[in-house]
Amino acid sequence: MQNQKLAKQLMKKSKTARYERFGHLLSLSALLLIMAIVLGIIVFVATKGLSTFFNDHISFKDFFTGTLWNPGTKTPSGHQAVGALPMIVGSFLVTILAAVVSTPFAIGTAVYMTEISPKRGAKILQPVTELLVGIPSVVYGFIGLSVVVPFVRNTFGGSGFGILSGTFVLFVMILPTIVSMTVDSLKSVPKYYRQASLALGATKWQTIWKVVLRAATPGILTAVVFGMARAFGEALAVQMVIGNAALMPHNLVSPASTLTSVLTAGMGNTVMGSLQNDALWSLALVLLVMSLFFNLLVHFIGRKGAFKK
Amino acid sequence: MQKLDQQSDRFIYEFNPEETPITMQTKDLEIYYGKSLAMHNADIQFEKNTITALIGPSGSGKSTFLRSLNRMNDDVATVNGQILYQGVNINQPGIDVYEVRRRIGMVFQRPNPFAKSIYDNITFALQRRGVHSKKVLDEVVEKTLKQAAVWDQVKDSLNKSALSLSGGQAQRVCIARALAVKPDVLLLDEPASALDPVSTAQLEQTLRQLKKDYTIIIVTHNMQQAARLSDYTVFFNMGEAIEYNKTRKVFTRPKMKLTDDYVSGNFG
Amino acid sequence: MNRSQKQSRIAIAALRGIAGFVVLILAFLIGYIFITGLPNVSWHFLTTPAKAFTSGGGIGIQLFNSFYLLVLAMLISLPIALGASIYLNEYAKDNWFTGMIRTAIEILSSLPSVVVGLFGFLLFVVQFNYGFSIISGALTLTIFNLPLLTRNIEETLSGVSDDQRQGGLGLGLSKYETIIHIVVPAALPGIISGIILCSGRVFGEAAALIYTAGQSAPALNFGDWNPFNIDSPLSPLRPAETLAVHIWKINSEGIMPDLTKVSSGSAAVLVLAILIFNFSARYIGRKVFEKMTSI
Numbered sequence: 001m002q003n004q005k006l007a008k009q010l011m012k013k014s015k016t017a018r019y020e021r022f023g024h025l026l027s028l029s030a031l032l033l034i035m036a037i038v039l040g041i042i043v044f045v046a047t048k049g050l051s052t053f054f055n056d057h058i059s060f061k062d063f064f065t066g067t068l069w070n071p072g073t074k075t076p077s078g079h080q081a082v083g084a085l086p087m088i089v090g091s092f093l094v095t096i097l098a099a100v101v102s103t104p105f106a107i108g109t110a111v112y113m114t115e116i117s118p119k120r121g122a123k124i125l126q127p128v129t130e131l132l133v134g135i136p137s138v139v140y141g142f143i144g145l146s147v148v149v150p151f152v153r154n155t156f157g158g159s160g161f162g163i164l165s166g167t168f169v170l171f172v173m174i175l176p177t178i179v180s181m182t183v184d185s186l187k188s189v190p191k192y193y194r195q196a197s198l199a200l201g202a203t204k205w206q207t208i209w210k211v212v213l214r215a216a217t218p219g220i221l222t223a224v225v226f227g228m229a230r231a232f233g234e235a236l237a238v239q240m241v242i243g244n245a246a247l248m249p250h251n252l253v254s255p256a257s258t259l260t261s262v263l264t265a266g267m268g269n270t271v272m273g274s275l276q277n278d279a280l281w282s283l284a285l286v287l288l289v290m291s292l293f294f295n296l297l298v299h300f301i302g303r304k305g306a307f308k309k
Numbered sequence: 001m002q003k004l005d006q007q008s009d010r011f012i013y014e015f016n017p018e019e020t021p022i023t024m025q026t027k028d029l030e031i032y033y034g035k036s037l038a039m040h041n042a043d044i045q046f047e048k049n050t051i052t053a054l055i056g057p058s059g060s061g062k063s064t065f066l067r068s069l070n071r072m073n074d075d076v077a078t079v080n081g082q083i084l085y086q087g088v089n090i091n092q093p094g095i096d097v098y099e100v101r102r103r104i105g106m107v108f109q110r111p112n113p114f115a116k117s118i119y120d121n122i123t124f125a126l127q128r129r130g131v132h133s134k135k136v137l138d139e140v141v142e143k144t145l146k147q148a149a150v151w152d153q154v155k156d157s158l159n160k161s162a163l164s165l166s167g168g169q170a171q172r173v174c175i176a177r178a179l180a181v182k183p184d185v186l187l188l189d190e191p192a193s194a195l196d197p198v199s200t201a202q203l204e205q206t207l208r209q210l211k212k213d214y215t216i217i218i219v220t221h222n223m224q225q226a227a228r229l230s231d232y233t234v235f236f237n238m239g240e241a242i243e244y245n246k247t248r249k250v251f252t253r254p255k256m257k258l259t260d261d262y263v264s265g266n267f268g
Numbered sequence: 001m002n003r004s005q006k007q008s009r010i011a012i013a014a015l016r017g018i019a020g021f022v023v024l025i026l027a028f029l030i031g032y033i034f035i036t037g038l039p040n041v042s043w044h045f046l047t048t049p050a051k052a053f054t055s056g057g058g059i060g061i062q063l064f065n066s067f068y069l070l071v072l073a074m075l076i077s078l079p080i081a082l083g084a085s086i087y088l089n090e091y092a093k094d095n096w097f098t099g100m101i102r103t104a105i106e107i108l109s110s111l112p113s114v115v116v117g118l119f120g121f122l123l124f125v126v127q128f129n130y131g132f133s134i135i136s137g138a139l140t141l142t143i144f145n146l147p148l149l150t151r152n153i154e155e156t157l158s159g160v161s162d163d164q165r166q167g168g169l170g171l172g173l174s175k176y177e178t179i180i181h182i183v184v185p186a187a188l189p190g191i192i193s194g195i196i197l198c199s200g201r202v203f204g205e206a207a208a209l210i211y212t213a214g215q216s217a218p219a220l221n222f223g224d225w226n227p228f229n230i231d232s233p234l235s236p237l238r239p240a241e242t243l244a245v246h247i248w249k250i251n252s253e254g255i256m257p258d259l260t261k262v263s264s265g266s267a268a269v270l271v272l273a274i275l276i277f278n279f280s281a282r283y284i285g286r287k288v289f290e291k292m293t294s295i
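Chains as they are written, first to last, in the UniProt record's numbering: chain A, 1 to 309; chain B, 1 to 268; chain C, 1 to 295.
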């Protein structure tokens, strides 16, 4: 019967169906590969980083509170000299200082771009920030080295290398990141918020300060955290201007170091599996954990922000 | 034709399959979006080589119904019941949806030419099915574009991007594209809603021509269009087929008050 | 004028000042890079190998290495990013698995590049024993590049109208055929812009490379294009210092007499290349789109 013939034709698995299965699996495996890479990074770095504590039996206390960094040797008090505190303090200092300096500039610029002169914002400042984002960090480092360091040296004395120079360089580096994300969050504030506020007789500034910025706060916070994450993880630009002395920073213009600067400077000079090497991996682990923490923070702010609406 | 009053609140014609060739038929159809029932009570038979119009207010389920007929709803809705295509239930496990959709083609609301040349738009699906003979493809292009009544306008620019076509031309190229895989049913989901009146008239003319070779089912929100174009009309409301009859009767002597209200514009 | 109006004026003037200051910073940066750098750039500079102890060295090999690594990294990452973005945009359902994968990609994109570099060092250089080499560098850059490229392509794909997908499915094509042959071509202008933008980022990256592609640029024999010879430019197993790494390296420990000249020239070339990437991304994307829709 004709019906049965047709039914048979329709029930046969077509080449198309097999192709679909193949394509589905292919794209899924690409995704799983990325997933595996992320897991791989976390597992590898964690394993290497933790072996300082479990293979070389360094105590967490020595690592996180010790101030003498010279793995392989001992401190005068007989502990292993793997105190990472100077680098941890250095990293946090440059990050926080850079964020503190950048944030007002970034918010100001973003407000100008969205609220005061959107036309000029789109025409000049938008491309300007995009360009700044695109400049590679070694170029920032190079300019830091040839402009910022001499400037700091001549103004504040000392060698010019140190936290202050690092802060200056990072300030310029993270500025565009924070600006462009802040602009996005300001743009997402509904127009009628502004209209309602202006209609109530508020001045433009009052509207910006009390309504727009208030509504965009979660987005701005996210932007700042992103900027901080970038600053915390930046390696070469900072390494080039901070002086690379693994010492507790006494002031802002004395040579200091960050987690990333010690890592980049030191990794090439140690032997795999040695305490010197393991200790460096522990620094990398701290970097990784902080990066995860910043991620978590962004999620947390996002959720809070979403909840408020 | 055998008339049958099923229930007092609905009026659905039933054909006698011995006398009338039926291309498609739905039985006990239930369509769910998640847990909400979007369509039921819609047992409709579609006669071969006719145009059937599906009308009804927006949200009445007419598009949902249409898109189930070639299982385009697979990813978004759960469809229970039987959809018979030449007597074979195509809504059962094991059926190859790609083969179903090749035989039951579809043209959409907005013209959606692919970012390819006009020629490739039409031949692409055939090429994917292993037809590579230039001669065969050339013939298909000419034949389908003629069927879709757009050959004269585009025959000199077959290698140009289909994205450069005007709405009316693009929609007819899309019809030609659907015809190229040799379906015998053509489903059209408000195909003229994005077109100007002149293009719409041309499109209707094209569809009248196509009726000779295809069974056509068309969703439209334009009642004049349904009245002008179709042989049969189904009126949907709130996820049910309320009235199914010859188009002339639906528009001049509707059996149901709801239908009367809708076609005379007193709806709502 | 009352007090709050006065306050508003002052505040807005201050904001203008801040915005102007930011523009000044950029103008200074770009100006500084080009004014100090470009005079040092010549054909000779762009084509001769670097010199470690004497002046007159160029950046020829570094420049070649940068482009070679970029091309390799893009060739490897593009299919992976395309596959992943296709899955995310077209197949993934909104469930915990998708959420987890999206989080993983976010984590990868926010990882410090030095951590990515160290992972590449551990896996490719040490574990796989590729040494400091082009291949180690290219694979590491791939990891660095994947999250951003995936996100870019996914955004472009999601911008393609659903009508296109429906059109393909309506012809009896599979979802995958529809995506590969209809959706991806429709998204092509955006995908190309995305690739070029990512290229700029990859081109300027150094931290991920210093311990993978290495910090030395051995002489190359540009007459020998057999990739199996170690001094062939195409050899995947030779160490390859890139331009960005070169800038870092000579500024950290360079001792050639014309150090400032070389590094400012290199920085100018690097920034110029990235500017070209950025502008051409828009231009080429637009051109491709015009070509696709042309009459």
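None of these hints come from the bench; they were simulated from the model.
Computed from a predicted model, the values in this text were never measured in an experiment.
Please note that a few of the clues may not be correct.
Restricting the straight-line Cα-Cα distance to at most 27 Å, the calculated cross-link-like pairs of lysine-lysine (BS3-like) are [as the list claims (entries may be wrong)]:
no., chain 1, residue 1, chain 2, residue 2
1, A, 15, C, 291
2, B, 257, B, 211
3, B, 160, B, 146
4, B, 134, C, 291
5, B, 134, A, 5
6, A, 204, C, 6
Which numbered hints are broken by the structure, listed smallest first? 1, 2 and 5
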